[in-house]
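Here are the chains, one letter per residue:
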Amino acid sequence: MIEGSGYTKLRIKMILTTLGFSLIPLLILGFTIYRQFEAAHTAKIVQHLNHITENKRRTIDLFLNERLSQLMAIAYTHKLEYFLESGTLERVFTLMQARSKYYIDLGIIDQDGNHVMYTGPYQAIRTANYKDQEWFDQVQAKGFYISDVFMGRRNYPHFIIAVSRRDGDRNWILRATIDSDIFDSLVQSDQLGANGDAFLLNSESILQSKPRFGAKLLGKMDLGSYARFPGVRTESITVDGKPYLFGLTWLENKNWMLAIRDDPAEELTPLAHTRSTVWIILAGGFLLIAGGTILTSNTILSQLLESEREKASLNASLTQSSKMASLGKMAAGVAHEINNPLAIIKEQAGWMRDLLGEEDIKASPNFKEFADSITKIEFHVTRAKDVTHRLLGFARRMDPVHDDVNINEVILQTITFLQNEARYRAIEIDTNLQKDLPYVASDPAQLQQVCLNIIDNAIDAIGKDGNIHVATMAVHDPDEVIITIKDSGPGIPKEKLDKIFDPFFTTKKVGEGTGLGLTISFSIIQKLGGRLKVESEEGHGATFIISLPMH
Amino acid sequence: MDTHILLVDDEADFVETLTKRFRIRKIPVAAAGSGAEALKLLEEQEFDVVILDVRMPGMGGMELLRLIRAKYPLTEVIMLTGHASLETGMQGMSMGAYDYVLKPADFDELLDKVRRAAERKALNVRAQSGN
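Sequence lines, in order, name chains A and B.
Using this note's numbering, you'd call the opening residue of the first sequence number 1 and step up by one each time.
Using this note's numbering, you'd call the opening residue of the second sequence number 1 and step up by one each time.
The hints are simulated quantities; they were obtained by calculation from the structure and are not laboratory data.
Hints may be right or wrong, so weigh each one.
Said to hold, decoys possible - Here are the simulated DSSO-like cross-link-like pairs (lysine-lysine), alpha carbons at most 27 Å apart as the crow flies:
| # | chain 1 | residue 1 | chain 2 | residue 2 |
| --- | --- | --- | --- | --- |
| 1 | B | LYS26 | A | LYS362 |
| 2 | A | LYS79 | A | LYS142 |
| 3 | A | LYS376 | B | LYS71 |
| 4 | A | LYS376 | B | LYS40 |
| 5 | B | LYS20 | B | LYS121 |
| 6 | A | LYS368 | B | LYS20 |
As the structure is a computational prediction, the values presented were derived from the model and not from experiment.
Extracted from the complex, chain B is given alone in its bound form (with noise of 0.2 Å):
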């Protein structure tokens, strides 16, 4: 898959664990540890799929969310939620989150979320060029 993929997570060992995870499958990834350095990081290089936690200090999961929908339409946000509120998942998707996964997550479950994020997102790119 050549996907590109940006973690954002305060959780380090959480993040790096996943980095690995995704690295072992040949799927390029790169990881934030907080909102700040993602959008650092997402004017860098282009993403197709964001996964972000939802309970970050600093700019919180909702607030880069918002952030990112609005700078860059075309990528794709799955959101992590450890607190398992219908709301926040339900507002996130309002905002135009793909879809919200719950902590301890299923990786597999992930990975077929990134895949079916990516597909859009490759679709929304072919749409807007004009095919």
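Isolated chain A, as found in the complex (with noise of 0.2 Å):
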């Protein structure tokens, strides 16, 4: 039996192999399924990011676009004398201011950089000349000017807007400071979650509105440095050790990039979800596999082991009756060998016996001796024998014989040896034999036992004065020689006749059966092959069937 390694080895290959072959489709399923939906989240962050920053950019530009407008149409709908006039600028102010809280000033400054008209809250300012500053230089040549968020001498956060006009042969700006605020409040929105950010920063870096978490207005915050590009674009920026997600775009009217970020949580969380759903969904599945295969497994191992065992012992019992056959044969032919010579050694001690009973021999004085001695020799000669004998009878009765037997000789056979019993009873056994009943394999000597058993059963049933009746006949589907002996005797009460078999069962008195002709009869018919069944009815005699088949 092959238990141990060789099984411990098959079980490792068999559980390792189906994991395997289990898993590994489910962790790449698994491993699919996470990427597409990071991949999927991921787009569509993007893209609401893109979104987001495109809207704003555009609300950003749209206002700086409406105010530049708003001061250019003041400028252009009025000459410089208009505005010179005192009061005029207020009234303009004050119309500004109506629709926009945002506006803190209005000033006019001419060609030489002086202020020549103010309204607003820092008069200090009417003294200020701007002819060395770099936007008097551009505004005049650009005819417009907005400028980067400072501080300022009015020491508070703002930013200004100038168009300046060219009337006849004299320039002059008007030039408004707005309260950076406003800003603020553009590019902050609820849109960007809880944990969300939105600002501007000019071209050094320099945040141009106020963040909600990190840096103050006015202070750096480095994204690193980016050229001018069109559209929006989305970036992963490191900001203080973490990655965040950013959405960048230039506005149009001024240098200024909008940065969103997005909110982190937004981003991660339903990834982190998912990634845990698919971790929980491959442990449970693996361990569904896992568990699954090793049950299989062990299953069909152990199916395996029983099949090698059964195999095994079938094998075993195979060498057994193999060798208990051939050992029959051998016996046979042993017993054989020996019956001659013994025979011999039997006729030479008789012969010497012979020649002892001559008259010169008897007056020898070792007579005595001669004469026990072969009585010795025969002796033991007949103890030998009688090993021999009972050794071949053993190899007869191991060695069934398939001889072609002629059943209706058979049974005529047996019917002599009871002929004289069945005669001085008064019975007569009268017989239908088939004509020309073919042969059949079988052991003629086995059925004859049979045949004989219940004939002479029949005989001691009726007792006296009766008769015997036995036929034979061929069936076909299924091909089968029946041999039926139906007897005039009194009959089997239903409740004995399935006990008839039975071992040791008799109705005989005590010592006049043994009860065991029947039991044989019936397990000889079934080796043979066939069936023995018996019909009865209590008062109308016993019929004994015997059914052989033909092949």
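Fit the two chains together into the complex; they arrive one by one in their own frames, and the hints show the way.
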């Protein structure tokens, strides 16, 4: 039996193979689905971010455009003289402020850089001169100027929008100061989520609006340096050691970059959920698969072991049978070979005994010794003969004979054995044997034994005065030969009918029968491949039916 | 006893000793070592009883039995069988042998059977000649 290491290796191999083939697809599936989801999710977020960034940019650009348009409208609809009149600027400014509360002040500057008119809270400005300032040249060259946010003289974060106008041979500038708070309100909104942020940066990464987290207004927010690019870009930028997703875009009217930072929680949480879900499913799947695999392979292996064991025991019994069969044949041969020498020895001893009968030898002093020796020789030869005959009998029983048996012959022979007995008891035995009954492959001696037993039983059952019918016939489908033995005895009562083949069951008095005859007959017929049945009714005799297969 | 016996067996020692034992009892006996030899002797002399071994090389005992019963129906045959098979014995009987004896044989038993076989022959002869 190959238990132990051979099966352990097989078990491990089976389990690993099944696990491999089950888990690898599972893992690939889980991984792929997760990646797909990640990609889709990220795409959605990026799209959303792009969308918000673009919208915001448009809003801010629109705002700046409108302010510019507003100032230009004011500057180009009136001549400078109009504004130099006292009170005009105040009126215009009040009008402007009525709609937009973020205007802080309004001023007119001449081509020499002097503040010629001013309305607003910072009267000290009136004395300022801007001739040397960069914006002064720019506004005159370009026609308009939007500044960055700065603290300036007002000590308050603000920015200015200025437009210049050529009036004949004069240039003059209309300049408005705007509270930079407006940007904060434009830039920030609920759309950003709980942890999102948005701010404006100028080309030197100086914040032009107040972010919710981190740096302060006019502080530096280094997101890397970006040359001006069209449209919206989404970048992952690490700030303070943490990576964030940013939507970046440049304003059209000003060299400011709008940066919108995505709410990391919003981005990460669904992914984290998915990841943990995938892991849980994978773990669950793995446990199931592992459990199932181990169970299945254990079952298969134990069945394998079982069938191996059965095979081994079958082999053993087969070997045993064939050993016994060859032993039987050997025994027969040996006994046979011994019987001949034994016979000769017996005759020699007998001859010596005969010679001892002669007169002259009787006188010999050793006569008695001779006689005794011969007796002993004969005795032990007989003893040896008993052994060989027993051996031969044993061998014969082990070797099932398969002869072509003429059943009719066997029956007739059997009847001759019992003829005298039957006649003595006035019982007639008649036969109805099918002519040309086909030969049956069987054991004639054993068949005879069975017939003898049954007919003998019938004779005993009848007792005196009766008859026994023996008939044979061949039937087809299945191909069988049927022997029926019917007696005119008292029959067998129903309650005894199914016990009749039981061992030691007899209706005879003690000492008259062993109760084994029918049991042995039944088993003989069964071993010959046939069936033995009995039909009887109390008071109407009994019929024994033997059926034997023809092939 | 005036019975003429023919012994047929291929075992020389056996035949020799058996012959001596019959002769010392004043029973005329001839011996043959094979079926062919036996048939030859049967042609030359009349025998009352033939004792033959069933297992012989060449012409087997059963074949010899068949020939003897066919050619010399009055001569009785007693079979000696060493391999104690009931089938052979009964088969021989059904072929007309008078009886069979298992080897190693008891001489007295054999003698008794020979006597009775001879008696039957004598009866048959008398019946044939119309008595």
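Do the hints match the structure? See the list:
For the suggested pair LYS26 of chain B and LYS362 of chain A, the alpha carbons sit about 20 Å apart, so the restraint of at most 27 Å is met. A distance of roughly 20 Å separates the Cα atoms of LYS79 of chain A and LYS142 of chain A; the hinted pair therefore holds under the 27 Å criterion. Note on LYS376 of chain A and LYS71 of chain B: the hinted pairing is violated, with a Cα-Cα distance of about 43 Å set against a maximum of 27 Å. For the hint linking LYS376 of chain A to LYS40 of chain B, the alpha-carbon distance of about 40 Å lies beyond 27 Å, and the restraint is violated.
The straight-line distance between the Cα atoms of LYS20 of chain B and LYS121 of chain B is roughly 24 Å, inside the 27 Å bound, and the hint therefore holds. At most 27 Å may separate the alpha-carbon atoms for a hinted pair to count; LYS368 of chain A and LYS20 of chain B meet this at roughly 22 Å.
In terms of the numbered hints stated before, the structure departs from hints 3, 4, listed from lowest to highest.
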